[in-house]
Structure formats: C-alpha cells, structure tokens
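Spelled out from the first residue to the last, the chains are:
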Amino acid sequence: MGGLTAEIVVGIPSYNNSATISRVVEAVDAGLGKYFPNERAVIVNSDGGSKDSTPEEVLHTRVDHRAIFLTHRLYPVNRITTPYHGIPGKGSAFRTIFHLAGTLGAKACCVVDADLRSITPEWIELLIAPVLKENYDFVAPLYSRHKYDGTITNSIIYPVTRALYGTRIRQPIGGEFGFSGRLASHYLSQNVWDSDVARFGIDIWMTTEAIAGGFKVCQSYLGAKIHDPKDPGADLKDMFTQVVGSLMSLTEKHYDAWKGCAGSSDVPTFGFKYSAGVEPVRVNIERMINAFRVGVKNLKDVWAKVVGKDAIAAFEEISKKAGTPEFHFPRELWVRTVYDYLMAYHHKKLPDDHLLGSLVPLYFGKTASFFLEAAEYTNEEAEAEVERTAEEYENRKKYLLDGW
Amino acid sequence: MERLKNEFIAHLNEFMDKAADFIPDFIVMVVILAAGLFVAWAVRLAMTRVFAAIKFDDWADETGISSALHNAGIRKPPSAFMILSVYWLIVVMFFMAGFASLGLKVTDTLASLFFMYLPRFFSAVLIVIFGYLFAGFVSRAALLTAVNAGIEYSKLVAAAVRIFIIILVFAMALEQLSIAPRIVFAAFSIFFGGISLGLAIAFGYGGREIAKKLLEYIVKKETEKDDINML
Numbered sequence: 001m002g003g004l005t006a007e008i009v010v011g012i013p014s015y016n017n018s019a020t021i022s023r024v025v026e027a028v029d030a031g032l033g034k035y036f037p038n039e040r041a042v043i044v045n046s047d048g049g050s051k052d053s054t055p056e057e058v059l060h061t062r063v064d065h066r067a068i069f070l071t072h073r074l075y076p077v078n079r080i081t082t083p084y085h086g087i088p089g090k091g092s093a094f095r096t097i098f099h100l101a102g103t104l105g106a107k108a109c110c111v112v113d114a115d116l117r118s119i120t121p122e123w124i125e126l127l128i129a130p131v132l133k134e135n136y137d138f139v140a141p142l143y144s145r146h147k148y149d150g151t152i153t154n155s156i157i158y159p160v161t162r163a164l165y166g167t168r169i170r171q172p173i174g175g176e177f178g179f180s181g182r183l184a185s186h187y188l189s190q191n192v193w194d195s196d197v198a199r200f201g202i203d204i205w206m207t208t209e210a211i212a213g214g215f216k217v218c219q220s221y222l223g224a225k226i227h228d229p230k231d232p233g234a235d236l237k238d239m240f241t242q243v244v245g246s247l248m249s250l251t252e253k254h255y256d257a258w259k260g261c262a263g264s265s266d267v268p269t270f271g272f273k274y275s276a277g278v279e280p281v282r283v284n285i286e287r288m289i290n291a292f293r294v295g296v297k298n299l300k301d302v303w304a305k306v307v308g309k310d311a312i313a314a315f316e317e318i319s320k321k322a323g324t325p326e327f328h329f330p331r332e333l334w335v336r337t338v339y340d341y342l343m344a345y346h347h348k349k350l351p352d353d354h355l356l357g358s359l360v361p362l363y364f365g366k367t368a369s370f371f372l373e374a375a376e377y378t379n380e381e382a383e384a385e386v387e388r389t390a391e392e393y394e395n396r397k398k399y400l401l402d403g404w
Numbered sequence: 405m406e407r408l409k410n411e412f413i414a415h416l417n418e419f420m421d422k423a424a425d426f427i428p429d430f431i432v433m434v435v436i437l438a439a440g441l442f443v444a445w446a447v448r449l450a451m452t453r454v455f456a457a458i459k460f461d462d463w464a465d466e467t468g469i470s471s472a473l474h475n476a477g478i479r480k481p482p483s484a485f486m487i488l489s490v491y492w493l494i495v496v497m498f499f500m501a502g503f504a505s506l507g508l509k510v511t512d513t514l515a516s517l518f519f520m521y522l523p524r525f526f527s528a529v530l531i532v533i534f535g536y537l538f539a540g541f542v543s544r545a546a547l548l549t550a551v552n553a554g555i556e557y558s559k560l561v562a563a564a565v566r567i568f569i570i571i572l573v574f575a576m577a578l579e580q581l582s583i584a585p586r587i588v589f590a591a592f593s594i595f596f597g598g599i600s601l602g603l604a605i606a607f608g609y610g611g612r613e614i615a616k617k618l619l620e621y622i623v624k625k626e627t628e629k630d631d632i633n634m635l
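So the protein lines, in turn, are chains A and B.
Quick note: the first sequence, position 53, residue 53 per this note's numbering, numbers continuous.
Quick note: the second sequence, position 119, residue 523 per this note's numbering, numbers continuous.
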C-alpha cells in the first residue's frame with residue numbers, strides 16, 4: 001500500500017451495483033468527513049468481478065461537502081477498489097477487506113452493502129464511533145423492518161443465537177457491521193474461507209465469533225433498511241442452506257461457549273430510536289403453504305431421521321388445514337423442530353445439504369403461519385411475537401442440551 | 405500264470421507309488437481345509453465383535469441397506485449376512501487352494517479359474533455396495549430438490565432416479581462378472597430406450613395437461629416472487 005495507513009477502513013463489497021454504489025460511497029464519504037474529520041480513513045471496495053461500471057463509480061463519485069455543511073478534512077478519504085479472490089460471495093469480499101484493514105493498521109472498520117438506498121452519513125458514525133470512542137469490538141446493526149421482513153432472522157437466527165449465547169443481538173445477520181482492528185485480525189486468522197462463510201454465512205459467522213470469542217459487543221440503531229430489490233437469481237434454498245448451515249456449524253464449534261449459558265441479557269444499544277417508515281412488501285403466502293404441504297406429502301421418511309413421530313404427525317395435522325384460516329404452526333413445535341435439527345447436525349444423521357434442504361418446507365410452513373397470524377398486527381405486535389418465540393427457545397434450551 | 409502274477413504286482417506297485425505320491429498331497433489338502441475353517445472362524449469372530457462395536461446394523465438401517473436386503477428376501481440382520489458371506493468365501497477359497505495342492509489337472513484348472521475370477525467377483529460386489537449407497541444419496545438429493553421446487557409427486561421422481569441408478573449398477577456388475585455382456589448391454593439399451601420413449605409419449609400425449617400445468621406453475625412462480633428479504 002506504499003506506506004498508506006488508516007485509522008478507519010470502510011468496506012463495501014459489491015457485484016454489479018453501479019446503480020446504487022455511488023449513493024453509498026457519497027454517504028460513507030460524508031459520514032467520515034462529518035464525524036471523523038481528524039482520522040485517516042480509506043474506503044475499500046471489494047468487487048466480485050462486476051460486469052458493469054461498479055469500480056469506476058466508486059473511484060469517480062464526487063461528494064459536495066458544502067451541501068452537507070462539512071468543513072475541510074485534515075486528511076483526504078482515499079478510495080481503493082480491488083477484486084477479491086476465492087469462492088465468489090460476500091464472505092470472500094469481506095476477507096479482502098479484513099486483510100486490507102490489517103495492512104493499513106486500522107483501529108476501527110465497518111462494512112456496508114453496496115445496494116443500500118437508505119444509508120445516511122450517520123450510519124458511519126453509529127458503526128464506527130462505538131469502536132473508536134467506546135472501545136467496543138463489534139457493532140451489530142439494529143433496524144426498523146417491515147413485520148414480514150427478515151423471517152430467517154426472526155424465526156431461527158436471532159432466537160437461537162440469543163438462547164445459546166445469552167446475548168440479545170436483534171440483527172445478527174444484518175449485513176452492516178462495525179468492528180475493531182483486533183477483531184478483524186481474529187477473523188482473518190480463522191480457516192473458514194472454503195466454507196459457506198465465504199458466501200451468505202459470513203454475517204452469522206462474524207456475529208457468533210465476536211460473541212463466543214469474548215469480544216465486547218453492542219448494537220447501533222440505524223433506522224430503516226431499504227435496499228435494491230433482491231437479486232431475482234438468488235436462490236432461497238442456497239441462501240437458507242448457507243446461513244442456517246453456518247449457524248449449525250458454529251453451534252457445533254462453540255459448544256463450550258454456550259453449554260453453560262442460561263437466560264439472556266440486552267447488549268448496549270447506541271443511536272436514537274425513532275419511528276421509521278418501512279416500505280410495504282408483497283408476500284405470496286399461498287406459495288409458502290403449498291411448499292409446506294408438498295414437503296409433508298413427500299418428506300416424512302427423511303424427517304423421521306431427524307424429528308420424532310409425534311412431530312411428523314403434528315406436521316400432517318397442520319398440512320390438512322392448508323388453505324383454511326385454521327392453518328397454524330405452533331411456536332413450541334417449531335422450536336423443538338429447530339433444536340432437533342441442530343442435534344441431527346451434531347450427530348450427523350444426514351448429509352448437511354440434505355438435512356438443511358429438508359428443513360426448508362418446514363420453515364415455509366412456520367413463516368406462512370406467522371404471516372397469517374401477523375396480518376392484523378402492528379409492527380410492535382409482530383415484534384412481540386418474535387420475542388415470545390425467542391423466549392420459547394430459551395425455555396427449551398435444556399431439551400437441546402439433553403439431546404446433544 | 406507267472407505273467408499274470410507279475411502284471412498284478414506291477415500294477416499294485418504302480419498303485420502304491422501313486423498312493424505314496426497322493427497321500428502327502430491329500431494330507432496337505434486336509435491341513436489347508438482345516439486352516440481355512442480356522443481362519444474363517446477367527447474372521448467371523450473378529451467381524452462379529454467389530455460390527456457390534458461400530459453398530460453396523462444401525463448404520464445399515466439408516467442407509468437403507470437393511471431394507472434392501474429384506475426386499476431381496478434376506479431375513480438375517482445385515483451384519484450376520486455379511487459375516488456369513490465372508491465366512492463361506494474364505495472356506496471356499498481355502499477349499500480351492502486345498503484342491504489345487506492335489507496337483508490333478510482338473511482341480512488345477514478349476515482352482516486357477518476360480519482365483520482368476522475372484523478379482524472380478526470382488527469388483528462386482530464393491531460396485532453393487534457403493535452403487536446402492538450412491539443411489540440412496542442421489543435419490544434423496546433428487547427428492548429434496550423436487551420438493552423444494554414444489555413438485556407434487558417428488559417421491560416418484562426420487563424413485564425413478566433410484567431405479568435408474570440401481571439398474572445401471574447391476575448392469576455394470578454383470579458386465580464386470582462377464583455374464584453375457586452383450587445381452588446385458590442390449591437389454592439395458594432396450595430397457596432405457598423404452599422408458600425414454602414411454603415417458604416422451606406419456607408426457608407429450610397422455611400428460612399434456614400436467615405438462616401445461618407444470619409450465620404454468622414455473623412461469624407463475626417467476627412472476628409471483630415475494631418482495632420480502634428473508635435474511
């Protein structure tokens with residue numbers, strides 16, 4: 001890097017994001033100028049071989065500092081755009097950012113998605129300041145989301161992470177994170193870059209490593225998260241398999257860290273919580289119920305290797321009510337099923353891919369049931385339901401420990 | 405009379421010489437057979453203990469080997485079946501080796517044919533075992549892919565995949581054993597040609613409505629994507 005050093009590194013992983021990345025770079029540049037005018041900072045774009053002009057947009061985006069009342073910075077914000085190597089995916093892009101953070105000697109880093117539309121300069125302050133000024137090692141994001149958004153987070157990732165490690169990080173796979181240079185070095189030293197961590201598993205891996213590694217964690221309220229419509233080519237099964245598979249492998253790895261944990265507690269939260277408007281979303285509940293029903297019709301033999309006969313009988317009963325208002329997937333049954341799957345992963349009852357693939361129809365059943373129940377809920381009432389699910393996971397943790 | 409007596413003595417001497425040559429070979433054969441029975445017994449004992457320790461039958465239940473053996477009319481537990489197979493294979497091998505020690509032309513030919521055939525036999529057994537496991541794995545992968553694609557009759561897809569692989573495996577095993585390889589190849593080609601043609605006709609003519617529904621479903625699925633971000 002020719003002797004270049006930086007106290008702050010902001011990473012932006014990208015792939016064909018020329019439509020949105022300029023806006024993200026502007027917000028990051030403005031955030032660094034406004035809140036960290038005296039620190040040397042570098043914006044690193046880790047690109048997955050974009051076919052459009054994403055890297056050029058990063059380098060050529062200009063920021064009108066006067067428009068946001070910025071005084072001149074002591075040091076200019078340098079920008080680096082670099083292709084990453086390894087398995088194509090977000091995790092590999094992050095690895096390059098961790099590496100550059102180490103090379104530049106960064107004290108505080110953050111990563112933000114390239115497809116964000118709701119990012120503001122304040123996000124940079126909220127992700128970096130807890131590390132730089134309060135000595136935290138890891139800052140998770142906290143967003144206002146639509147009650148239907150983040151269903152994998154709400155039904156599996158958040159409550160399982162909370163129940164296992166006793167730490168209430170509401171968005172463990174939020175996508176935007178702040179972290180210290182020390183934690184970046186820890187991440188880089190792990191030999192995980194040929195696994196799902198190199199893809200969508202990176203978020204849960206970063207959060208869990210920070211918690212289980214005893215690093216100082218907190219969360220920052222960023223407001224609403226609005227991003228480009230999701231990639232239509234992104235396959236849900238792949239996404240689900242990579243995220244939940246990473247959660248399972250981390251549960252296996254950190255048994256010693258979670259076996260003794262009971263209950264849970266809040267983590268310090270920064271930022272001013274306000275009522276943010278969220279965009280309405282369109283959901284196809286009928287398709288989800290159908291996916292569950294097809295699963296019940298065909299997967300009983302596979303499920304028999306993972307869950308008990310009573311659970312399979314319960315799935316059949318639920319399936320019979322498909323298409324009626326009585327369709328309901330009970331919370332207790334769902335929690336027990338997820339724990340059965342964690343145990344099946346531990347005892348290697350099925351190949352990982354088959355195990356995770358067989359959970360997808362059940363996840364659709366549970367999600368459809370939640371959507372039907374939450375149709376008349378306010379966002380706060382829907383959030384209360386997520387909290388009740390999380391408590392159920394905590395209360396049933398002994399079931400997991402007994403079967404481990 | 406004297407001539408008859410001499411002929412008799414000469415033949416008797418010849419017989420005694422041959423018997424003198426044969427008896428040590430026979431004793432060697434008996435020793436080899438006894439050793440074979442002992443080795444087979446020892447291997448059976450060792451296998452019984454190892455299979456019990458690694459819970460082989462539980463594994464066979466999980467992988468579907470037990471049900472396959474059951475369907476093939478074998479009522480014994482998989483471990484007992486394997487142990488018995490290995491036991492008798494060892495006995496037969498020693499038996500053939502023992503016969504070869506007699507030095508007779510017929511037994512020599514038989515023994516050499518037997519031992520030359522053994523590698524083919526083992527290859528065929530391995531092809532069947534691994535082929536069966538592979539069929540189970542691939543058919544389950546097909547089942548899950550079909551279910552997650554929303555295909556109503558996913559089990560049928562998985563069963564078809566399984567049958568296809570098992571037939572392929574048995575054809576490969578028979579070819580390895582050199583059992584009528586041309587007939588096996590011809591039967592295999594006719595069988596799969598027939599299946600492909602049957603499916604094409606069924607799907608194209610008999611299954612026009614199903615094909616239509618399937619295509620409509622795929623198109624509908626593409627246009628009715630959710631807005632939600634599940635992560």
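Quick caveat, the hints were computed from the structure, so don't treat them as lab data.
It should be emphasised that the depicted structure is a prediction, and the values quoted were computed from it without experimental measurement.
Think of the CB as a built atom: it goes at the ideal place given N, C-alpha and C, for glycine as much as any other residue.
Hints are supplied without guarantee of correctness; some may be wrong.
[What the hints assert, rightly or not] Cut-off 25 angstroms, straight-line C-alpha distance, at most; resulting in silico cross-link-like pairs (DMTMM-like, lysine to aspartate or glutamate): (1) K559/B to D310/A; (2) K349/A to E279/A; (3) K321/A to D465/B; (4) K559/B to D353/A; (5) K309/A to D512/B; (6) K297/A to E326/A; (7) K273/A to E134/A; (8) K216/A to E394/A; (9) K348/A to D425/B; (10) K273/A to E380/A; (11) K348/A to D301/A; (12) K459/B to E317/A.
[To be verified] Derived Cβ-Cβ restraints for the label pairs, each shown as a range: (13) K480/B to K305/A: 17 to 27 angstroms; (14) K305/A to A476/B: 18 to 28 angstroms; (15) R453/B to Y399/A: 29 to 39 angstroms; (16) V532/B to P351/A: 14 to 24 angstroms.
Each hint, compared with the structure:
For a cut-off of 25 angstroms, the pair hint linking K559/B to D310/A stands: about 22 angstroms separates their Cα positions. A distance of roughly 42 angstroms separates the Cα atoms of K349/A and E279/A; the hinted pair therefore is violated under the 25 angstroms criterion. With a CA separation close to 33 angstroms, the supplied pair K321/A and D465/B exceeds the 25 angstroms bound. Only pairs whose Cα atoms come within 25 angstroms are accepted, and K559/B paired with D353/A is accepted, the gap being roughly 18 angstroms.
Only pairs whose Cα atoms come within 25 angstroms are accepted, and K309/A paired with D512/B is rejected, the gap being roughly 59 angstroms. Taking the CA atoms of K297/A and E326/A, the gap is near 19 angstroms; set against the 25 angstroms cutoff, the hint holds. A hinted pair counts as satisfied when its Cα atoms are at most 25 angstroms apart, and K273/A with E134/A qualifies at roughly 19 angstroms. A threshold of 25 angstroms between alpha carbons decides the hint, and for K216/A with E394/A the separation of about 22 angstroms falls inside it, so the pair holds.
At most 25 angstroms may separate the alpha-carbon atoms for a hinted pair to count; K348/A and D425/B exceed this at roughly 62 angstroms. Restraint check for K273/A and E380/A: the C-alpha separation of about 14 angstroms stays at or below 25 angstroms, so the hint holds. As the CA atoms of K348/A and D301/A are separated by approximately 16 angstroms, the hinted pair is consistent with the 25 angstroms bound. Simply put, K459/B and E317/A have alpha-carbon atoms about 35 angstroms apart, too far for the 25 angstroms limit, and the pair is violated.
The hinted window of 17 to 27 angstroms between K480/B and K305/A holds, with their beta carbons roughly 24 angstroms apart. Checked against the hint of 18 to 28 angstroms, the C-beta distance between K305/A and A476/B comes to roughly 23 angstroms, which is consistent with it. For the pair R453/B and Y399/A, the supplied restraint of 29 to 39 angstroms holds, since their beta-carbon distance comes to about 35 angstroms. Checked against the given bound of 14 to 24 angstroms, the beta carbons of V532/B and P351/A, roughly 21 angstroms apart, stay inside it.
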